[in-house]
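Novice: As you go down the protein sequences, you meet chains A and B in turn.
Residue numbers for the first sequence follow my numbering, so the first one is 1 and each next one is one higher.
Residue numbers for the second sequence follow my numbering, so the first one is 314 and each next one is one higher.
Hints listed in this document are in silico derivations from the structure and should not be mistaken for laboratory results.
Being a predicted model, the structure only gives us computed values, none of them experimental.
Errors might be hidden in some of the hints.
Beta-carbon label-pair distances, calculated as ranges [claimed, not checked]:
no.: 1; chain 1: B; residue 1: L645; chain 2: A; residue 2: M312; range: 48 to 56 Å
no.: 2; chain 1: A; residue 1: Y45; chain 2: B; residue 2: P431; range: 32 to 40 Å
no.: 3; chain 1: B; residue 1: R390; chain 2: A; residue 2: V259; range: 50 to 58 Å
no.: 4; chain 1: B; residue 1: S478; chain 2: A; residue 2: M312; range: 31 to 39 Å
Only some residues are given here: those of chain A computed to face chain B with a beta carbon under 7 Å [claimed, not checked]:
no.: 5; residue: P43
no.: 6; residue: T44
no.: 7; residue: Q48
no.: 8; residue: P49
no.: 9; residue: R59
no.: 10; residue: L67
no.: 11; residue: V70
no.: 12; residue: R74
no.: 13; residue: A84
no.: 14; residue: L149
no.: 15; residue: V153
no.: 16; residue: R304
no.: 17; residue: V305
no.: 18; residue: R307
no.: 19; residue: D311
All C-beta atoms, glycine included, are put in the ideal place defined by N, C-alpha and C.
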Amino acid sequence: MRPLLALGEQYLNVALLNAECVTLMTEIEPRRPATLAQQWSKPTYRIQPTKGWAGLNVREIWRYRDLLWVLVQRDIKLLYKQTALGVVWVVAQPLVAAVIFAVVFGRVAKLPSDGAPYLLFVFCGVTVWTYFSQALQRAGTSLVRNSQLVSKVYFPKLLIPLAQTLRGLVDFAVILIVLAVLMAIYRVQPTFRLAAIPGILILMALTSTGVALWFSALGVKYRDCTNALPYFVQVWMYASPVVYPMSMVPERWQWLYAVNPAVGFIEGFRWAVLGSNALSAEILCITVTTSLLALFSGAFFFRRVERSFADMI
Amino acid sequence: MSDVSVSVRNLSKSFRIAHEPGGLGGYRTLRDDLTKLPGRLLARLGRNSRRTSETFWALKGVSFDVEKGEVVGIIGRNGAGKSTLLKILSRIIEPTSGTAEIYGRVGALLEVGTGFHPELTGRENIFMNGAILGMSRAEIRRKFDEIVAFAEIEKFLDTPAKRYSTGMYVRLAFAVAAHLDPKILLIDEVLAVGDAEFQKKCLGKMEDVATKEGRTIIFVTHNMDAIHRLCSRAILLRDGVMAAEGDVTAIISSYLHETHPSVRQTYRLPEKCNTAAEICLIEAEVLDSKGRSCDSLLYREPFALRMVWRHFVEVAASSYAVRVYDNRNRFLFAVNTLGSDLQLHHPGLREITCSFDYNVLIPGNYYVTIGCYVRPYKEVHVVKDCLRLTILAVPYQSGPRFSVVGDPAFALHPDWSQHELNDSSAKGIKSQPLTFA
Chain A
1 MRPLLALGEQ YLNVALLNAE CVTLMTEIEP RRPATLAQQW SKPTYRIQPT
51 KGWAGLNVRE IWRYRDLLWV LVQRDIKLLY KQTALGVVWV VAQPLVAAVI
101 FAVVFGRVAK LPSDGAPYLL FVFCGVTVWT YFSQALQRAG TSLVRNSQLV
151 SKVYFPKLLI PLAQTLRGLV DFAVILIVLA VLMAIYRVQP TFRLAAIPGI
201 LILMALTSTG VALWFSALGV KYRDCTNALP YFVQVWMYAS PVVYPMSMVP
251 ERWQWLYAVN PAVGFIEGFR WAVLGSNALS AEILCITVTT SLLALFSGAF
301 FFRRVERSFA DMI
Chain B
314 MSDVSVSVRN LSKSFRIAHE PGGLGGYRTL RDDLTKLPGR LLARLGRNSR
364 RTSETFWALK GVSFDVEKGE VVGIIGRNGA GKSTLLKILS RIIEPTSGTA
414 EIYGRVGALL EVGTGFHPEL TGRENIFMNG AILGMSRAEI RRKFDEIVAF
464 AEIEKFLDTP AKRYSTGMYV RLAFAVAAHL DPKILLIDEV LAVGDAEFQK
514 KCLGKMEDVA TKEGRTIIFV THNMDAIHRL CSRAILLRDG VMAAEGDVTA
564 IISSYLHETH PSVRQTYRLP EKCNTAAEIC LIEAEVLDSK GRSCDSLLYR
614 EPFALRMVWR HFVEVAASSY AVRVYDNRNR FLFAVNTLGS DLQLHHPGLR
664 EITCSFDYNV LIPGNYYVTI GCYVRPYKEV HVVKDCLRLT ILAVPYQSGP
714 RFSVVGDPAF ALHPDWSQHE LNDSSAKGIK SQPLTFA
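Given only the sequences and the hints, what does the whole structure look like? Please build it.
Specialist: As structure tokens, this is what we get:
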């Protein structure tokens, strides 16, 4: 036991008297573990304060992919626990919203719909928007809601909002079935354009992830974000072509309008289903660029503040 | 041989405590930050930041090494920085300065049942919790039966966890964590939950993990018995600084003496005492083997009772007595000064020490009643339960540990001796060989 005791005193002394003693100490305790530099094997990881911007560390996220899957599963399961109607709730929300919009904006305000039946037109917009707004609201508040996980276990925290945006895709798949039914009712011919839908969905998921990362990271420090988010989403909806077509926007301002990253996937989705061609290549470029910008800026910002989450939450 | 698995150098962690008059309890609002932003930028330019906050060091300059297969206990009072240290080592929070190098996969168990969801079933929670603790799904599937068996919840696997009893909940949570397979295990105060039976099981499991599987464990707890049983070395933290490191028993006893220096379990005669007695007990305290005032002793540690008496008048035939009760109020024994050669009848102030060289008390709590009597039997001044005494399960000076199952009154450790006999020397015993069918 003696060497261990000596070891203890030794570090105490090192702490108190600084480096001068170190040489003396090695003489007293030859079995002293090698210093950091002499350590022959590389550490599995090294803990030290980090400064400035951090890399995305995609490899670490990949290593924890099982956890991501479990988090996605958990929320899907939780949604349907102890509900009689289960999946109906997923469909009900966009359907009710679409009907209301069809009455208010289609019948009363008589907004144009690029020639398509207004209900179908608005349903296309509403389904995509429902995904976007729910992903944003769920993911944006996810860190605060899971503060237990943030402060008690280590894993890439990016997984928490990411699980929320992924989980929304499952709901979206259910809504697609309803859309197919509506298309059949209105006798809209399916075309090869439908093949573009997966790409549009990826754009939609990436955009919402990017914006949600900003909100969730800011929400840890400023709880105001949680309160502001619903209003923000509501305003954003009217700034996006959900209830009206993009063709209503004057042509010379369309490039500016396209800076809104939601324009890309909403109009894109409508194009795939109804064939309205409001998206020129130029507009598409702008909107995809802002989407990617939202994603990367969100991810890097998240990584930068991630290290202080557990201290602050 | 000296394979390091955790190497910590000069690790420090500071927090800023804001001093906001009528503040929001630490929450910052966006508005506040935005309105203060111009001021802060100016302050940064002018280099005279006048923040009304104070830096608090939760950890300061902590350095130590843990070798492979070692079990190290970290003890210290609340707020000494134990949990902060574990959180840094498990990468949940970042240090303010210093480094730590970890050699091997880390499993951290800072809380029992992190990520458990009451709506999910036992089965789902096992996968959930396992994934959160860093297990892959394949790994959990492999160990699933073992986990269920350890938690003893086979029948309730598909019941939502919200219908579980607290005991089942905790058992399941610990079972998942106990089957983690990392090289280095960081454990924070998980033994504080569950009933005594379950705690025993957890300790046993941890002992297995440490001794049979040769993993490195860093372990924080207030349970000194657990530290003593499991750890080969201990680190004592005090206000974020390493106060001592080394042999477990030594560290434990120095910790016990710093825990409550101001509220020692001593007796003082109250100021407004209305005893009209001619003899009064002024002070009483328990002294440990080093003569320090204390309220807890190690198992088999010799101790003494020190008391101060005042005699106002001359009383003949007076004697002092000490009666000891256990925490179920069983009267265990009494000692008195009758037959000793103390001279007690003259008036004055005197200190009496009563030393017990052999401590046969089993671990537990005891109450000491001290009194003065005059023969034939008259109570002069008796203070009921005037001292409380705790015997810990940690043995004194690497002596034997208390190992009796059940609830005996005393623990004796006689000298055993052994003497091999051959058949011819055992005359009284029938030398007919036994035959087995």
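Novice: The structure should be examined with respect to each hint, and the outcome stated for every one.
Specialist: Going through the hints against the structure:
{"no.": "1", "hint": "L645/B <-> M312/A: 48 to 56 Å", "result": "54 Å, holds"}
{"no.": "2", "hint": "Y45/A <-> P431/B: 32 to 40 Å", "result": "34 Å, holds"}
{"no.": "3", "hint": "R390/B <-> V259/A: 50 to 58 Å", "result": "57 Å, holds"}
{"no.": "4", "hint": "S478/B <-> M312/A: 31 to 39 Å", "result": "35 Å, holds"}
{"no.": "5", "hint": "P43", "result": "4 Å, holds"}
{"no.": "6", "hint": "T44", "result": "5 Å, holds"}
{"no.": "7", "hint": "Q48", "result": "4 Å, holds"}
{"no.": "8", "hint": "P49", "result": "6 Å, holds"}
{"no.": "9", "hint": "R59", "result": "15 Å, violated"}
{"no.": "10", "hint": "L67", "result": "4 Å, holds"}
{"no.": "11", "hint": "V70", "result": "4 Å, holds"}
{"no.": "12", "hint": "R74", "result": "6 Å, holds"}
{"no.": "13", "hint": "A84", "result": "16 Å, violated"}
{"no.": "14", "hint": "L149", "result": "6 Å, holds"}
{"no.": "15", "hint": "V153", "result": "5 Å, holds"}
{"no.": "16", "hint": "R304", "result": "12 Å, violated"}
{"no.": "17", "hint": "V305", "result": "12 Å, violated"}
{"no.": "18", "hint": "R307", "result": "5 Å, holds"}
{"no.": "19", "hint": "D311", "result": "6 Å, holds"}
Comparing the model with each numbered hint stated earlier shows that hints 9, 13, 16 and 17 do not hold.
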